[in-house]
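Visitor: So the sequence lines, in the order shown, correspond to chains A and H.
Okay, so the first sequence: first residue is 337 according to this note's numbering, each after it adds one.
Okay, so the second sequence: first residue is 189 according to this note's numbering, each after it adds one.
Since the hints were derived computationally from the structure, they do not count as laboratory data.
Be a bit skeptical, because a hint or two may be false.
Taking CB as the label site, the calculated pair distances span [stated by the list, open to error]:
1. A:Glu407 x H:Arg193: 29 to 39 Å
2. H:Ala264 x A:Thr464: 26 to 36 Å
3. H:Ser222 x A:Asp516: 51 to 61 Å
4. A:Arg553 x H:Met189: 22 to 32 Å
5. A:Gly392 x H:Leu238: 48 to 58 Å
6. A:Ala544 x H:Leu352: 42 to 52 Å
7. A:Ala467 x H:Leu200: 38 to 48 Å
8. A:Glu407 x H:Met189: 23 to 33 Å
9. A:Asn391 x H:Leu238: 52 to 62 Å
10. H:Ala379 x A:Ala426: 28 to 38 Å
11. A:Ser475 x H:Val306: 33 to 43 Å
These stretches of chain H come out as covered by chain A in the derived footprint (C-beta under 8 Å, 3 or more residues) [said to hold, decoys possible]:
12. 190-201
13. 218-228
14. 381-392
In this text, all values refer to a predicted model and were calculated from it rather than measured experimentally.
Just so you know, even glycine gets a beta-carbon here, dropped at the ideal spot from N, CA and C.
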Amino acid sequence: MPMAPRPHLRLVAPDSAGAWLSAEALGCERGERELFTALDVALAPGEILQVEGDNGTGKTSLLRILAGLLEPSAGQVRWKGADIRELREAYRAQLAYVGHKDGLKAELTPRENLAFAIALSGRAPKQTPDAVLEHMGLSAHADDPVAQLSAGQRRRVALARLLSIPATLWLLDEPFTALDQHSIVRVEEMLRTHVQAGGMAVVSTHRALQVPCRRVRLATGSP
Amino acid sequence: MTAVRAMLQRDLRLAWRRRGDLLLPVLFFVLVASLFPLAVGAEPQRLQSLAPGIVWVAALLAALLALETLFRDDFADGSLDQLLLSPGSLSALVGAKVLAHWLVSALPLVLLAPLLAVLFRLPDEAMSVLVVSLLLGTPVLSLLGAVCVALTVGLRRGGFLLTLLVLPLYVPVLIFAAGSVATAAVGASPAAHLYFLAALLVLAATLTPFAIAAALRIGAE
Numbered sequence: 337m338p339m340a341p342r343p344h345l346r347l348v349a350p351d352s353a354g355a356w357l358s359a360e361a362l363g364c365e366r367g368e369r370e371l372f373t374a375l376d377v378a379l380a381p382g383e384i385l386q387v388e389g390d391n392g393t394g395k396t397s398l399l400r401i402l403a404g405l406l407e408p409s410a411g412q413v414r415w416k417g418a419d420i421r422e423l424r425e426a427y428r429a430q431l432a433y434v435g436h437k438d439g440l441k442a443e444l445t446p447r448e449n450l451a452f453a454i455a456l457s458g459r460a461p462k463q464t465p466d467a468v469l470e471h472m473g474l475s476a477h478a479d480d481p482v483a484q485l486s487a488g489q490r491r492r493v494a495l496a497r498l499l500s501i502p503a504t505l506w507l508l509d510e511p512f513t514a515l516d517q518h519s520i521v522r523v524e525e526m527l528r529t530h531v532q533a534g535g536m537a538v539v540s541t542h543r544a545l546q547v548p549c550r551r552v553r554l555a556t557g558s559p
Numbered sequence: 189m190t191a192v193r194a195m196l197q198r199d200l201r202l203a204w205r206r207r208g209d210l211l212l213p214v215l216f217f218v219l220v221a222s223l224f225p226l227a228v229g230a231e232p233q234r235l236q237s238l239a240p241g242i243v244w245v246a247a248l249l250a251a252l253l254a255l256e257t258l259f260r261d262d263f264a265d266g267s268l269d270q271l272l273l274s275p276g277s278l279s280a281l282v283g284a285k286v287l288a289h290w291l292v293s294a295l296p297l298v299l300l301a302p303l304l305a306v307l308f309r310l311p312d313e314a315m316s317v318l319v320v321s322l323l324l325g326t327p328v329l330s331l332l333g334a335v336c337v338a339l340t341v342g343l344r345r346g347g348f349l350l351t352l353l354v355l356p357l358y359v360p361v362l363i364f365a366a367g368s369v370a371t372a373a374v375g376a377s378p379a380a381h382l383y384f385l386a387a388l389l390v391l392a393a394t395l396t397p398f399a400i401a402a403a404l405r406i407g408a409e
């Protein structure tokens, strides 16, 4: 099926000096459908990029490509100038990814889930699971199986990973899903602290973030 | 190394938390094997000659049934993504996962096998060979199966495809394993068969973790 050439989406000037995470001319196809083409991304320390777009425009795919979980159909993702496919472990050691699935084991408690996430990261934790759970207001549920928690509480456990695992780049896919107002403020506060300390984040959400950030809107997929 | 130990520990703990599920492959194994005397008759001579094949086919089917749980839950709840993003070695992590899977799904079959051997009136020498062949063969089944599960993990209806992919790969194990027990049952030395099984195990244990890791990266896209 012939497809009309789509406008070149430029999220940021590609010459933006000091960008650590950069992607040039990214394309993504799922099945027969082209989600986006010629997408440029550049992110420097201290910046947040908010990805907006209707359902099915490729927000999750973009985040998975940036995480290295999904191969782009065109273009490449670079970290400090080097292709992430060549960096492999070195790039993954900089990352914290919270996908639209929580990545928690329902039979384990929040404390066990966090302890496993820390062990898996292979890095010395910034904070112990207990301290992080207290910060997220989950101390009372630290020893309940995750299966017994509400969707919002599970989301908070997933986001608690960000506080325990040291990572420069946060990739958050719809982090505010199912969260109450109080928790939303807390997560925005986490984002603010993270970028003030020189971190970076790519966040997909429909909310107007109460944190200074650049916005990008993915256009509707098929014409 | 911490990550690998944590992986093994987490999967064993998960298996313990849903220990009811652990019984299913074991019951399946015993039930399938005990259907044969009902179907072919309880004549000791005939059962004895069929036993190695029956027990091994039952073990193979039980292993196949248990494969379903290997990566599918992790894929469904998103923890597979976290494994793929771990900065450690993915092959070592999946190695630990398969080991945990074997310990909870196949080791019980190995322990139960002598019971079936008695049911089929296998001679004592054949019984010990049966246990050894299961100890050598079932890890190969788990490792080869894991490659195929990893490839089909993202598919919605991967069950049938998985069976079609896995069964041909299981054939060499089945031949040498059942062969070893049958040889022992007639009083000959099963060494050749068992050496072949051991070689298969060494090959599978050293090579498949890399294949599983690569297949997961493709399968989980």
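Visitor: Sort out which numbered hints this structure fails and list those numbers smallest first.
Guide: Result: hints 4, 7, 10, 11, 13 and 14 break, sorted rising.
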